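Number of protein chains: 2
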Amino acid sequence: MPSGRLATRLRALAGDDGVVDHPDALAVYECDGYTLERATPELVVLPRTPAAVAAVVRLLWDEQIAFVPRGAGTGLSGGTLPVHAPVMICTSRLNRIEAIDRTNRRVVAQAGVVNQWVSNAVRDAGLHYAPDPSSQPACTIGGNVAENSGGPHTLKYGVTTNHVLGVELVLPDGQVVTLGGPVEDRPGYDLVGLVVGSEGTFGLVTRATLRLTRSPEDYRTLLAVFDSIDAASEAVSGIIASGVVPAALEMMDRLILGAVEAAYHVGLPTDAGAVLLVELDGPAVGLDDQMARVERVCRGQGARELRLARDDAERAALWKARKRAFGAVGRLAPSYCTQDGVVPRTRVPDIVRAIAAAGERHQIRIGNVFHAGDGNIHPILLFDERDPGEVERVLAAGRDILEACVALGGSITGEHGIGVEKAAQMPLLFSPDDLLAMTRLRAVFDPAQRANPHKIFPDAKVCVETRTPRRRAAV
Amino acid sequence: MPSGRLATRLRALAGDDGVVDHPDALAVYECDGYTLERATPELVVLPRTPAAVAAVVRLLWDEQIAFVPRGAGTGLSGGTLPVHAPVMICTSRLNRIEAIDRTNRRVVAQAGVVNQWVSNAVRDAGLHYAPDPSSQPACTIGGNVAENSGGPHTLKYGVTTNHVLGVELVLPDGQVVTLGGPVEDRPGYDLVGLVVGSEGTFGLVTRATLRLTRSPEDYRTLLAVFDSIDAASEAVSGIIASGVVPAALEMMDRLILGAVEAAYHVGLPTDAGAVLLVELDGPAVGLDDQMARVERVCRGQGARELRLARDDAERAALWKARKRAFGAVGRLAPSYCTQDGVVPRTRVPDIVRAIAAAGERHQIRIGNVFHAGDGNIHPILLFDERDPGEVERVLAAGRDILEACVALGGSITGEHGIGVEKAAQMPLLFSPDDLLAMTRLRAVFDPAQRANPHKIFPDAKVCVETRTPRRRAAV
Chain A
1 MPSGRLATRL RALAGDDGVV DHPDALAVYE CDGYTLERAT PELVVLPRTP
51 AAVAAVVRLL WDEQIAFVPR GAGTGLSGGT LPVHAPVMIC TSRLNRIEAI
101 DRTNRRVVAQ AGVVNQWVSN AVRDAGLHYA PDPSSQPACT IGGNVAENSG
151 GPHTLKYGVT TNHVLGVELV LPDGQVVTLG GPVEDRPGYD LVGLVVGSEG
201 TFGLVTRATL RLTRSPEDYR TLLAVFDSID AASEAVSGII ASGVVPAALE
251 MMDRLILGAV EAAYHVGLPT DAGAVLLVEL DGPAVGLDDQ MARVERVCRG
301 QGARELRLAR DDAERAALWK ARKRAFGAVG RLAPSYCTQD GVVPRTRVPD
351 IVRAIAAAGE RHQIRIGNVF HAGDGNIHPI LLFDERDPGE VERVLAAGRD
401 ILEACVALGG SITGEHGIGV EKAAQMPLLF SPDDLLAMTR LRAVFDPAQR
451 ANPHKIFPDA KVCVETRTPR RRAAV
Chain B
1 MPSGRLATRL RALAGDDGVV DHPDALAVYE CDGYTLERAT PELVVLPRTP
51 AAVAAVVRLL WDEQIAFVPR GAGTGLSGGT LPVHAPVMIC TSRLNRIEAI
101 DRTNRRVVAQ AGVVNQWVSN AVRDAGLHYA PDPSSQPACT IGGNVAENSG
151 GPHTLKYGVT TNHVLGVELV LPDGQVVTLG GPVEDRPGYD LVGLVVGSEG
201 TFGLVTRATL RLTRSPEDYR TLLAVFDSID AASEAVSGII ASGVVPAALE
251 MMDRLILGAV EAAYHVGLPT DAGAVLLVEL DGPAVGLDDQ MARVERVCRG
301 QGARELRLAR DDAERAALWK ARKRAFGAVG RLAPSYCTQD GVVPRTRVPD
351 IVRAIAAAGE RHQIRIGNVF HAGDGNIHPI LLFDERDPGE VERVLAAGRD
401 ILEACVALGG SITGEHGIGV EKAAQMPLLF SPDDLLAMTR LRAVFDPAQR
451 ANPHKIFPDA KVCVETRTPR RRAAV
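These protein sequences, in sequence, are chains A and B.
The first sequence lines up with residues 1 to 475 when you count with the working numbering.
The second sequence lines up with residues 1 to 475 when you count with the working numbering.
Simulated from the structure, these hints should not be mistaken for lab results.
Predicted, not measured: the structure shown is a model, and the values here were computed from it.
Be aware that one or more of the hints could be misleading.
Copies of the same chain look alike in the list, so a pair counts if it fits in one copy or across any two.
Keeping only pairs whose Cα atoms sit at most 20 Å apart, straight-line, the calculated SDA-like set for lysine to any residue is [claimed, not checked]:
no., residue 1, residue 2
1, K320, D16
2, K156, D281
3, K323, E360
4, K156, P182
5, K323, S92
6, K156, R386
7, K156, L436
8, K156, T103
9, K323, D387
10, K156, V245
In isolation and in its complexed conformation, chain A is listed as follows (with noise of 0.2 Å):
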């Protein structure tokens, strides 16, 4: 079909305004948070209902086009990037939250709902949703849902896949099924936790019930300042085989310091080697006792100087520092790629080394903000776009890095997902079989490739557009 009728007949579904196919507009979608490669759609439709996105969809099945989704933008390995995908469906207008439950703690919320709306709507009950990745005031519950989005809380309280019990997929011929649903038990295969992090080849999610969280009643927000993040490094285990298990065990190193300083001035030590934000929560009772211990720990691994959070004012300073840090960053260089990675937590210290030393062989600067507690690695690499030297060498960190994580134990994303960024990694931790056996799974769902093709698996990386990235504000 001409583009100028498929976009007509779009414009029925998804009303007058519902899509855009203007090539200014359309540049808008060239890129999410992942910015190293770039492909622009030919059309982005965004409907305003999930059962408009159906009607889309199965007009696109009846065509014979592929589809890529997209929520927010937010994410950081190019998952909604258009691979063959010729149209984009934007998940924004679906931002309704359909049912609250807080006696039973549980929320319908569409797929287009931001994040940080779910735990808005429910405070007043003292309920909140659990993952909150950094972008949380940004991203949305679909993109969560694709990706099985983390966050600096999730060491204590789990992923997204532990807090969604149910969904709304529409399939990529349009059928629309329900997968799961408002109790915890799933009989027969765990069909939920399958198209959670799935990101988005196996169809469309509209619509999730998510798991609320009794809000902690009382917080204690430690900044632990240390000479080196080595020592830093050791104060994380030194704290988890204390038997503390905190909320949120969060590193930031020198260079990170001095940027975040810099952009919010709230006094952050910007000549220490590292900091540690260790956040504690529950009930009131208990968390000093618990602080003591994590204080003492730190003070053991040398630290010199332990800043307890006075109030909530202060504790919201600590928290916007840490989760505005990737922001931040855009002061020290022209351009920045986050990475992302994992390793089992007592190889921090090799992995932290492991960044260095890639730093150093490709003459890259980086600088780290992670989860410590985790193992959950975020190197962020700074680089001048105009430099295409620099950009291959990057490249070349990053892919040094994230086999370094592999060869630790760990693995090559934390919680980023794998999109276009990483599908050719995906070897390093899985056989050709073990691929095949995946792709097969796909197949169940897609047997026509039409959902967000050319993703996740190694043939990825085609035909897609590959330039120096511009600066972006934050992710």
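Using the hints provided, position chain B relative to the given structure of chain A.
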């Protein structure tokens, strides 16, 4: 191949004592903890190593013979019942814990390792394996993985799937694949999550990498005594709403209390309507305050007595009473059948009434012992196997109860799986298309339906000898 020749070839792989083919010996394997249906395998093979399992499966594949896996035979839904599967592969000799990593808190255990052994092996390091089915002194890791087993403490700690990081799976053609691994995140599709709970229909799990949990520093264990099961149910909701997260929150009704007290003499109040067993765990500081809150809620719901375990011995006695409740039921009737369903926890009072109504309707005595905090019910239906009419009424009452669970927004199994027992009820929860999608998924791993055929899905209840059950000592 004639059965004698097959036995010879299997002996070459599993050792002379590794094949059971004498009818008397085979009778041991005619059922698991679900005794309402029975079927005897033609041969049982007990390999000693994962490699021998793979060799056995390869031989069966070549000979086009289907197999059924079995661990300790403690399952409660007939998952190990041979249905058109002449050969049973028993994993009980795969009993080695292969690796213990105390620092990163993981264990690699063979499939036949008994659940309790894992915790025993790491207790010195202050660690344990959290999923604790009542059968934990007997049931095996392989069976736990197949059934995604729960237990009382999964209220706080989650079920088996939350504690399995990776598995080694022998596919139905004998090929061995390793899924998942030592770190938390699994890029690509969550195949480990898919295999956990798949009841042996994707192949046979020979090894699992398990996450260990730091053992709590201290416990508080309370027995709260109520005049009615309704009051106890309301207290459950109140405790959860108070913000306390109990490690376990169990209920027993009057019928069960009488049986347990007669069997174990722990001083339970046999005239009570119901008791709650509430356990809190964590850092010692704060536990007393949290328990005070639990006690306040219980008193508010009219608890007539609150009995806090004063030491480890009292705590152990309470747990022994709860975990062996099923065994004690043998005193009440010649036979019993343990049902398993789940409802949203606010609907516990409703399902308790529906259970009582089903008992009256079909003239069956029913006791209740269940994971109240999860909404996971375990009505125990008492009957006499010598009365065929009564067996029919037990089956009818069980169906009514499961239908009531579904009508209340719940599901037909909380933790025992589908097996053969509940295959016919799957359409209560799933549309024909859903079930078709699941069988297609299965076909990715097992296109010829050689691994535990005729389980889970509604075509399963074929050619199994249904007969009146014998009395069993304990499950």
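Hint check results:
| no. | hint | result |
| --- | --- | --- |
| 1 | K320 / D16 | neither (39 Å within a copy, 67 Å between copies) |
| 2 | K156 / D281 | both (10 Å within a copy, 16 Å between copies) |
| 3 | K323 / E360 | neither (27 Å within a copy, 59 Å between copies) |
| 4 | K156 / P182 | between (23 Å within a copy, 18 Å between copies) |
| 5 | K323 / S92 | neither (23 Å within a copy, 49 Å between copies) |
| 6 | K156 / R386 | neither (42 Å within a copy, 52 Å between copies) |
| 7 | K156 / L436 | neither (34 Å within a copy, 37 Å between copies) |
| 8 | K156 / T103 | between (23 Å within a copy, 18 Å between copies) |
| 9 | K323 / D387 | neither (29 Å within a copy, 67 Å between copies) |
| 10 | K156 / V245 | both (7 Å within a copy, 13 Å between copies) |
Consistency with the previously given hints fails for numbers 1, 3, 5, 6, 7 and 9, ordered from lowest to highest.
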